[in-house]
Amino acid sequence: MHGLYNFVRGPLAWVAFILFVGGTLYRLIAMLVIARKKDNVVFDYFSLFYGLRSIFHWIIPFANRNSRQRPIFTIVTFAFHICLLAAPILLLAHVLLWDESFGISWWTLPEGVADIMTLIVIGGCIYFLWRRLTQPEVKFVTFASDFVILAIVAAPFITGFLAYHQWLGYKFWLILHILAGEVMLVAIPFTRLAHMIYSPFTRAYMGSEFGSVRHARDW
Amino acid sequence: MAEGQVIDGIYFNEVWEDAGLDEGTKKLTPEKIEKVINKVLEGETGARLKVYVDTCVHCGLCSDACHYYLSHDKDPTYAPVAKVKQTMWEMIKKKGRVSPTFMKRASQIASTQCNVCMRCAMYCPFGIDIAYIMSVVRRICHFLGITPLYIQDTAHSHAVTMNQMWVKNDEWPDTLQWQEEDAQEEIPTLRIPLEKEGADIMYSVIGPEPKFLAQLLYQAAVIFETAGLNWTMPATPGWDNSDMAMYTCDNEIMGRVKRVHFETARRLRVKKIVMGECGHAFRSIYDRGNRWLAWKMHPVYVEHAIEFYYNLLKSGKIKIAKKYEESVTLHDPCNVMRGRGLYEMARYVVNEMCADFREMEPNREHNYCCCAGGGVINCGPPFKMTRMLGNRVKAEQIAATGAKVCISPCHNCHSGLEDIVSHYKLGVHVKFISDILYEVMEKPGAV
Amino acid sequence: MKRLRIGLLIGMTALAWVMVSSSIPAYSQEDITSLKDEAFGKGQRPPAVFVHEAHNEKAEIEDCNVCHHVYKNGEKVEDESSEDSRCSDCHNVKKGYPTRPLMKAYHDLCKSCHQTKKVGPITCGECHPRKAASSAHEAEEGH
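Protein chains in written order, with this note's numbering: chain W, 25 to 243; chain Y, 2 to 448; chain P, 22 to 164.
Certain hints may be false.
Straight-line distance between alpha carbons at most 20 angstroms, and here's what the computed EDC-like set of lysine to aspartate or glutamate pairs gives [to be verified]:
id : chain 1 : residue 1 : chain 2 : residue 2
1  : Y       : 385       : Y       : 420
2  : Y       : 385       : Y       : 91
3  : P       : 138       : P       : 105
4  : Y       : 94        : W       : 123
5  : W       : 163       : Y       : 74
6  : Y       : 40        : W       : 63
7  : Y       : 75        : Y       : 186
8  : Y       : 297       : W       : 68
9  : W       : 62        : Y       : 183
10 : Y       : 444       : Y       : 186
11 : P       : 63        : W       : 170
12 : P       : 115       : W       : 135
13 : Y       : 324       : Y       : 357
14 : W       : 163       : Y       : 288
15 : P       : 125       : W       : 68
16 : P       : 125       : W       : 170
17 : P       : 93        : P       : 129
18 : Y       : 297       : W       : 124
19 : W       : 62        : Y       : 45
20 : W       : 62        : Y       : 55
21 : P       : 139       : P       : 96
22 : Y       : 51        : W       : 123
23 : W       : 163       : Y       : 76
24 : P       : 138       : W       : 124
25 : P       : 125       : W       : 63
26 : Y       : 51        : W       : 170
Cβ-Cβ distance ranges computed for the label pairs, FRET-style [to be verified]:
id : chain 1 : residue 1 : chain 2 : residue 2 : range
27 : W       : 61        : Y       : 363       : 35 to 43 angstroms
28 : P       : 138       : W       : 143       : 51 to 59 angstroms
29 : W       : 93        : Y       : 172       : 33 to 41 angstroms
30 : Y       : 397       : W       : 120       : 58 to 66 angstroms
31 : Y       : 93        : P       : 114       : 54 to 62 angstroms
32 : P       : 62        : W       : 99        : 29 to 37 angstroms
33 : W       : 143       : Y       : 403       : 44 to 52 angstroms
34 : W       : 61        : P       : 119       : 52 to 60 angstroms
35 : W       : 61        : Y       : 154       : 53 to 61 angstroms
36 : Y       : 102       : W       : 102       : 41 to 49 angstroms
37 : W       : 172       : Y       : 95        : 58 to 66 angstroms
38 : W       : 143       : Y       : 5         : 17 to 25 angstroms
39 : W       : 171       : Y       : 157       : 32 to 40 angstroms
Treat the hints as calculated values from the structure; they're not laboratory data. A quick note: this is a predicted structure, and the numbers were derived from the prediction, not measured. Beta carbons are placed, not taken as given, at the ideal position from N, Cα and C, and that holds for glycine.
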């Protein structure tokens, strides 16, 4: 077990983080290069003020019409995304690993809170799965890859939850948890999870067009 | 009633006969399709399309933005994202290796089941511009020669005559003189100045005005005369600001038409172009055509009729004699509301003119599309039912106001709403702002 | 195996003894079944399970200063040990400098040795088991 654990926690973690950071940079740079080459207008119309104004209206729940029209979805998706980001980054056990490896540490969430946040993420995944399976407008545009992506996101949280509670097969779930987390990190730049990287740009561009050219609101 | 059908393995949610689509499709070969798709994707698209496609998480949140989707009882094939799925995703995934029938369906979706009104762009949390993606699909269909017949004919008219309606060069000044003479019976001093170099304003209209809406030219002349403005109209091609080539995504023709329009304004050395109550023409001058010609914004200041009337009323150049009594509601056209944010000005104008104004819900930039714009009404009679069935929500929205008159400061919306009003038997009159303004304004020069 | 069983017996006895008579303030090393350190206050996880005698017997640790070390000028002093003082006397809970913070000191000390010897727990849940230790934890608290 020492060997396997050390492998997933050591070299494999390095690989995952390098692919995550490298892949993210690659996608960003590739986007900018192709924009410069073939879509130069996006730079001409880009406006920091209107871009931020638009982002502002879409990262605050109920600050735009669509989110007010769908209160349940809005609550779920905001809770899901906040927990998805905050729980792993501010998790005590994760920060201890950063501290152990690099001597850096930061404020952490109480473990009970992180536990609930994990459940919120899992609940969010179940809600999204339910939408994909039952809502016609979502079902129609759902591909097998959408389920895979959902599974990639759910896996680290489910395994992390099981490992944290140590009910059965602690080390098995722990190693699976680390692997699942690494898969997710690598998947971010190379799947539609790339919306994490791209969405601020698409939002800001739409905000720029609406703000400085159209003089209209886009929320 | 439109029925869904599977043809050659492709699902068509509506089946209509259209010579442009049907005959055009027969001439397609898989090789030609593949070549054209890849030519457009590689040659004309870049970061935007790629990022839009890679970012979309298939969440379906754009659905409720679309009047087609809502009017068809939430039929998922009409959702904006579903339109992308049935067109662009497949083309990209198969690297252009799609069938002629697939392309026919793609053309039907992009040209007749999407008004490129951009409402969905406001409902996508990521701000993905689905109207842009549909425009790329139209561009591909244009190169493949499978654009619906009627709008293609209109684009041909632009290419040949620089106007939308095959109006001949002598017919245009002739119509203006006819309207001038008629108007002089009401206001003897009235002129429609032609080719007046150095005027402050060049007034431009769309092709259908001289063709069958000549009273609008009359009304505009009365407004200009009463406000005492130094204005002119060109006697040469370039008078028409409309642009169906923009909607067939025949960008080359769009560029030619806009160039002539801008150059005419420059030749007349005017300070600004004021245009009639048209939405798509505004989009083509303010947003699309200028970009194609490499102008970041319009090279000559462009003022839409709403802003023009607003300034006249605000400055007191036009005064209201007696407010319009009939209850009115206002339709917000996409191209000047989402496209230019004129919603508050429009409300000021309507409230100045009318005693009983009732808002539609939703309104302003969230207003439902008329289902006629984006070139859809220009696809002609074969697709009239697409518009009628595709915009029940608009009929319901108008009916809910209880107003007797629906003001629509856009030609496409105006025609589309008239069809909807009659199809759904709403008993509402559709009017332009100028129809009412002409009626209620003070006319000191009138005899 | 026999040694393990003896160890277990000792552990169990010790545990029972702690449960019964934890009012006695002083500990002898036989009593130690967990690394509960008052300096932490109430921690988020139960204190690490550590049966002192059994561990050292199994790990064949003879010298106290393997763990109860004394550092001077960053160097470990070979023939001195510190079992008469508390870990938290040198290792402050919060402040790292000049020594490691208390939790990190524990983690590093235990895990580095386990890693080198390729035996013994190195993951969170192995030292801080939720059920077993929490009952011990409660027992300690409940005196």
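Hint check:
no., hint, verdict
1, Y/385 - Y/420, "holds, 9 angstroms"
2, Y/385 - Y/91, "violated, 28 angstroms"
3, P/138 - P/105, "violated, 27 angstroms"
4, Y/94 - W/123, "violated, 44 angstroms"
5, W/163 - Y/74, "holds, 16 angstroms"
6, Y/40 - W/63, "holds, 16 angstroms"
7, Y/75 - Y/186, "violated, 54 angstroms"
8, Y/297 - W/68, "holds, 8 angstroms"
9, W/62 - Y/183, "violated, 53 angstroms"
10, Y/444 - Y/186, "holds, 13 angstroms"
11, P/63 - W/170, "violated, 44 angstroms"
12, P/115 - W/135, "holds, 19 angstroms"
13, Y/324 - Y/357, "holds, 9 angstroms"
14, W/163 - Y/288, "violated, 35 angstroms"
15, P/125 - W/68, "violated, 52 angstroms"
16, P/125 - W/170, "violated, 41 angstroms"
17, P/93 - P/129, "holds, 18 angstroms"
18, Y/297 - W/124, "violated, 54 angstroms"
19, W/62 - Y/45, "holds, 7 angstroms"
20, W/62 - Y/55, "holds, 17 angstroms"
21, P/139 - P/96, "violated, 25 angstroms"
22, Y/51 - W/123, "violated, 39 angstroms"
23, W/163 - Y/76, "holds, 12 angstroms"
24, P/138 - W/124, "holds, 18 angstroms"
25, P/125 - W/63, "violated, 52 angstroms"
26, Y/51 - W/170, "holds, 18 angstroms"
27, W/61 - Y/363: 35 to 43 angstroms, "holds, 39 angstroms"
28, P/138 - W/143: 51 to 59 angstroms, "violated, 38 angstroms"
29, W/93 - Y/172: 33 to 41 angstroms, "violated, 49 angstroms"
30, Y/397 - W/120: 58 to 66 angstroms, "holds, 59 angstroms"
31, Y/93 - P/114: 54 to 62 angstroms, "holds, 57 angstroms"
32, P/62 - W/99: 29 to 37 angstroms, "holds, 36 angstroms"
33, W/143 - Y/403: 44 to 52 angstroms, "holds, 50 angstroms"
34, W/61 - P/119: 52 to 60 angstroms, "holds, 55 angstroms"
35, W/61 - Y/154: 53 to 61 angstroms, "violated, 37 angstroms"
36, Y/102 - W/102: 41 to 49 angstroms, "holds, 42 angstroms"
37, W/172 - Y/95: 58 to 66 angstroms, "violated, 20 angstroms"
38, W/143 - Y/5: 17 to 25 angstroms, "violated, 42 angstroms"
39, W/171 - Y/157: 32 to 40 angstroms, "violated, 48 angstroms"
Of the numbered hints stated above, those contradicted by the structure are hints 2, 3, 4, 7, 9, 11, 14, 15, 16, 18, 21, 22, 25, 28, 29, 35, 37, 38, 39, listed in ascending order.
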